[in-house]
Every structure is written in C-alpha cells, then in structure tokens.
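Undergrad: Each chain, letter by letter, is given below.
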Amino acid sequence: MADVQLENIRKSFGRHQVLHGVSLHVASGEFVSLLGASGCGKTTLLRILAGLESVTAGTVTIGGKDVTGLPPEKRDIAMMFQSYALLPHLSVYENVRFPLRMRRIGSREEQDARVRAALETVQLGHLGDRRPRQLSGGQQQRVALARAIVSNPKVLLLDEPLSNLDARLREDMQVELIEIHKRLNLTTLFVTHDQEEALSLSDRVVLLNAGRIEQEGAPGEIYARPRTGFASTFLGSANMIDVDVVEEAGSAMARIAPGILLPLSPGERARGAATVALRQEDIMLSATPPGVAATVRTRVFLGARNRYVLTLGDRSIRVLTPHDTVFPDGETVFLTIPPERVRVVDT
Amino acid sequence: MVRAAPFPLRIAGIVFVVLTGLLLLAPLIVVVGVSVSENQFIAFPPKGFSLRWYQEVLSSSTYLAAGLVSLQIGLLVTVSATLIGGAAAIAIHRRQLPASELIATVFLSPLVLPTIIYAIGMLMFWSAVFGSVSMMTLWISHTVITLPYVVRTTLAVLAESDPFLEEAARTMGAGRLRCLWFVVVPQCLPGLAAGAFFAFNISFDEAVLSLFLRKPGLTTLPVQVYGQLEFSPDPSVAAVSSIMIALTILLMIVIDRMLGLGKFASP
Amino acid sequence: MSDRTENLFLALPGLLLLALAFLLPIGQMLVLSVEGEDGPTLEHFSRFLLDPFYLGILWRTVRLSLVITAICALIGFPLAYIMARASPRTRLWLTIMVILPLMTSVVIRTFGWMVVLTRSGLIPTLLRDMGLAERNFALMQTETAIVIGMVQVLLPFMALSILGVLTRIDERLEEAARTMGCSFLQTVRVVILPLSLPGIVAGSLLCFTLSASSFVTPSLLGGARIQVLAASIYKSVTQVLDWPFAAAQAVILFAGILLVLAPYIRLTRQDRG
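Residue numbers (this note's numbering), protein chains in the order written: chain H, 1 to 347; chain G, 1001 to 1267; chain B, 2001 to 2273.
Please keep in mind that the hints were generated in silico from the structure rather than gathered at the bench.
Note that the Cβ used here is the ideal one computed from N, Cα and C, for glycine as well.
Errors might be hidden in some of the hints.
Now the in silico label distances, taken between C-beta atoms and shown as ranges [claimed, not checked]:
(1) R1095/G to P2013/B: 17 to 27 Å
(2) A1065/G to Y2264/B: 40 to 50 Å
(3) M1136/G to I2265/B: 32 to 42 Å
From just these sequences and the hints, can you work out the full model?
TA: So, in structure tokens, the structure goes:
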C-alpha cells in the first residue's frame, strides 16, 4: 500500500472543463470516498488516478513516485468497475489470476495460493471453475473484488461498484468491504453518489461539486458541520429556508416570518439575510406547543420512518419521524429543533 | 405457419413457399442430379446412376490444377482478409479514430461496387504497373472484395461485448499488445471465424474477378467450369459443381455453429 | 504509444490495401476511359452513346434489370413476410433455403438453369407436353431465360433486405389493425407494406445494381446474340482488346448505377440528419 497525492488536477474534454484544479492527499491505508452527483467529476478523477484518462494539467503521485504520464498497466493499482468487467471467456479462477499473470507476480504455485486466498476472502472458494455468466450479480461482484485485491496493489480503486446490486446485497457487500479493508489495510478510493454509503464506509469523505472539492473531512464531521448550502443538501436531507437573522433578547434568532422565530445556537455571529439548513431528521414534531405551528399536508410511509410534508406559511417543510409517529392530514403540529442543529450556511 | 391469416391464404402461403423453394434450389438439385447420370449427355432427370464423372473429375489434371489454384488462393485470402479485416474492425469499434463512421464506410465500400467494374479496373491497373497478372493479383483482389464481410461480422460480435473489458485488463497490468491478445481477440473470435469462412467461400466461388484476371495456368475452379460450359459440357462439369456445393454446405454448417445463421436474417 | 496511434496501426493495413488495390484501380480505369492518342478524349463515350447497337445493349440491360427487380420484389415481399412471421424453426429452414443458393457459385447455379431450360430440358418438355409450346421451343438463349436465372440469383438479396426491416415492425401494429376491423390482406396493404418500404427500396436498388452489372448468368443463358452491358465489356477486354472502350463502358455502367442510387442515398442522409 502507498499514499496518493493528486496535485492541482485539471481535466478538459474538448472545450468542456470537468475538473478545475483538484488537489487531494490520501494517506497510506486510508479509505476515502469521492462523493457527488452525476457529472461532478468524481469518476473522472478516479480514472485519472487509474491512468485511464490523461490529465490536462496537474500531477499524480503514488507512493512518492510520479505516475502522471504512465499508462494503467505500469501503475501498481487495481480497479473494480461498476459493471464488474469480468472476462467472459475465462473461468472465475482464471479471472482472479489474470492480474498476477499480467503483472508476472509469483510462480505458478504462489499465484495459485494467492488466488485461492482471495476467493476465500470473498467466500467464493468453491466456484473457481464456473464461468462468470453462470454466477449471480452479487457473486460476480465478489469475483471482481477478489480480482482487485489478489495482486496486493498500492491503491485500490472502486467505481460505484455496488450500484447494480439490490438493497440487501448492497448492505452485505458494504459490510464485507469494511472488513476486508480492515484486514488488508489497502489504500482505497471509492466513488459513489450515495451519501449514506460514503458516510458508512469511509475514513474520510471528499464531496465534489462541478469539478471542485466542496468539502472534505471525516464522515461525522462533514455530516454534522456542512459548510455550504450544497454540502447541506447533499449530506442528509435538509430543508433550506431563507430567513432574516435578528437579535432578540441578546441571542440570535432566525426569523422565518413575522412572529415565527427559531432560536439559533448562542455563538451564532451572522446577522441579516441568510439561509438556514434544517435536517429532516433533526426536526421534532409534537401535537402540542411549544414550537412553530405548521399544517400536515401529506404523510409518506417509508417502513422504518415517516416523512411528513408540512405547510409553514407559504413554505413546504419535510420532516422524518419514527414510524409510529402518526398525524392525520390537515392537523396542526408543532416543530422544534435544537438550536445547535440549525445551520446557517452561506448560499 | 403464418398466424392470424385466413385458412385459404395460409394454404396459398404454403404453396407459394414450396414453389419459391423450388425456384431457389432447383438449379442445385439439377446439378447434383446430372452429376450421377450414366451417359455423357447432360439431361435432367438423369438416366441411370453412376459415379464415373466424379472419378473422372478427381483424376483429371485440369480440374485438379484449377482446384488447387482455387484452394491456394482461398486459403491465402482467408488469412489476409481475416487479419486485415479483424484489425480494422477492432480499430473501428473503439471509435477513437477521427471519423470512425467514415472509415467504416470505406471498409464496406467494395460491397457497393459491382465486381465487373472492379475486375476491369484491377486488370488495367495491374497491367499498367506490373505487367501480366499472377497469383498475387488474384490474392489481392479477392482480399479486397472479402474484406467487408470480415469487418462486418467482427464488428457485429464486438458490438455486443462489454465495453469496459479492455480498460479492466489495462488496470490489471496488461499492456496494449497483451490486452489485444488476451482480451480483445477472444471477444471477437466468433465474428473473426465466421468472417474467415465467408471469405474462403466467396473467394472459392468467385467467377467474375477470376475470369478477367486469368492467364494460362492461372485458372480457378469456377472459371474452369465456366469455360467448359461455353463449349460442350459433359456431366463431369456437374460432378465438379456438386463437389463445390457440398463444400459450401459444409462451410454453412460451420458458420452456423460459430454465429448462428439467424443473425443474417437482419442486415 | 497512445490510443490513437494503436488504432491507426490496426486500421492502416486495411486502409492501405483499399487505397492501393481498390481506389487506384478504379482511378486507372477512369483515366483509361478518356485515353486518346492526342490526349484526353471523350471519343470512347461518344462511340458508345451514339451507336444504336450499343444503345440497344444499354437499353436491354436496363429493361431486363427493371423486370428482374420487379419480379424479385413481387416474390421477395411475401417470402420475407412469411419468414418474419414464421416460427423460429421454420424461419431457420427458410433462411437456409434462401442463403444456400447465395453461397454457391453463380456459375453452378446458372449451369443448373442451362440444363433445365435447354431444348430437351425439363421445362420446355413439360410445356410441350402440356401443349403450351411448339416443337422447337427452347428457353435457352432468350431474354426470358436470363430473367429466370437472374431472379433466382437475386431473390435472396431482396428477401433478406425486406426481412431485416420486417423483423423490426411491431407485431402489435398488425394486431391493432385487425381489432380495428381490417382483414388480413388489408392489414398487409395498409400497415405492413408502407412500413417495409425502406427494405423494399433498399432491396430493389441492390437487385438493380447487381442485375445491371451481372455477367455470368446473362452470358450463359442469353448466348452470344443477346448481349448485356457486362458481356460487351468482357468482349472489349478479352476479344477485341479495346481497353479504353471497355473502360468507358464500365464508367457508363458505374455512372448509371450511381444515378439510380444517388437520390436514395440523399434521402437516407436527410433522414439521419
């Protein structure tokens, strides 16, 4: 394993610039997620690291060695693709052995041992003779993973590898990824558009927006303290409300409308027109005051939780509650939210 | 056979198919029939049954020589067309060259030009530059006209392959050449094989090109047959033709195993 | 090496081959067609186009090709329709029936017709027995023979071309028409025929082109007296050894084909754009 340094990466496709000077350091053994919406450049960044795309400007360094101009086969990496990309004309065993063959790692016996170990790690030891088309989606995914770890690469790159799996399999694979990472301690870069996935798997989350790093940090940190409006909406489902921050009785309040005020945390400095982010899961509903009054418009049952769409004045507010909190349509409910959870963000 | 059609139409349909089938297959049936005729007159239905014409053909030096020429050219053309056409198909499929569409059209263009026009052009060009024609001339011109078939079948197979396989192989340490050999070629092998067999079949059966580009000693089998037909043929011509038909059927079976003939029901 | 270089290497042999062994020969032919003793001349062209004998050959070629194409379309359309709507197994056998003649040498196929159509052949004998023909009736060396032989050769092209379009027509369109009151034949006329027109047109162009430039079948079945353009070219090359004239005829043939194809190509370009 090795550390990765991306320095001021710029990438344009023709006249369209996709990455605007991205710099990122990944420590050896760290699990970093590149998170963002479609088109934000996260996959392009990963492919640049893999050597599948060239850079328009900037440098890529792996383990202290400048690999910017090198083709993929000359970088000590392994990559897992969204569509698995298993070689259909080879057996599962030969698929996993392929990197060892191409990189000429070890003797035949050593390769055999490593392949078997990798297949055992993903619990597919008994399927070595099968062809990829005979396997289920989840099994193919595991073969792709075994193939990626078998050569003990300096960097492991994963391009939305779990997107094609159904919810249950995704969960299982996420757990497996965490365990494998703990065991092998490979430097890993993981691309996803699913913020829950990023938050649950990574040591560090890098949020990308339109080719720039919006924010990066540990999952808990970035979730609790999103610094921008974009970060707030992307991580956790937030209601963005335009307010006027005023001072009342010595403490800052967010005025949503005349007479409707939300207390802000004591240290809040901002004043005047601003935007606050209220996470759906942070807002609490009660049938009785205190709180800001709102009317229930719709309830969406999500199984473990309810999502309420409430009308507050001329605004629409969404709130997530436990599944047994039930209010009928048209009812007046009262919202409260801990002041420290009301984030004033720069829009 | 045809669903939802009224009964009398269905009967008419069956009759129609039978008659059309007869139209399409009659010449072949006739030829095979004549080849086993006992006497030396060409007649159908044949009188008697005898395999003597096959014996004559297989011991005739002219036919054997012509067959050898056809076989040699066929094999040479199969190799050249498959290599050149396969490589071109891979390059076109990757779509990374400017104007890949245009290049694809260029490779398919020999299909559009009538063979006789090409034959004349080739004869005149070769004579002007190299003098008299040779095996090389036939080899080159047959390759040109079979190239589009190889390109087409290979492209068809490549179109259904996983577009990420090459990239995956590169990230696994395979350089360009090894990627081609270990990943791309296995992917398009059915298309290459089908194209190869098409190339052989077309080259072997090709008459017009070989008619214009011939000289004494450089006669292919179809040209030999054509020559016999112009004068007074005896059933040995039919015997040769039957052998060629058998070869074609064999090739068709092989192609069906490789690709499935149903694929040629659509362009 | 970059991606682009690698692909260039792969495509280069083919491109070189086509440039040198395909484009150049055609160029040479074009040059030769205007070759004269004192420089470029159009005398070969005028020799052809101003001589009623040669114009007769040209007219015969065009006329026969139109007839052949029409017959191929008339037979090819129902055949393709039946193939499209048949069960997979039947379709496979029908495909074999159509492709097998396609893959045998044209010389062999023409030979088969020669046997059947000659004076003592099967068909004239049958016709005479049925009282439909006179004693010396022979189909060989007639234009009818050419048409029969060429239809057999070209029918598969037409059928496959139409089949390709037919398989893409949604069967439910037919079903919808039937539920709206159309009879089977009406459905075919009103729904299938218009939608399969692209295939019919493409097949017709292909048949016309191949028919107009065809050499082996017309020569063997028509004999020396009934010449088509391709036979005239062959004669100029091998017997008369007047290569410039042959080249001019080839250019005329090529130009004629392009004339027929051009509006079609422009139409499909517009569609795509």
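Undergrad: Hints the structure violates: just list their numbers, smallest first.
TA: none
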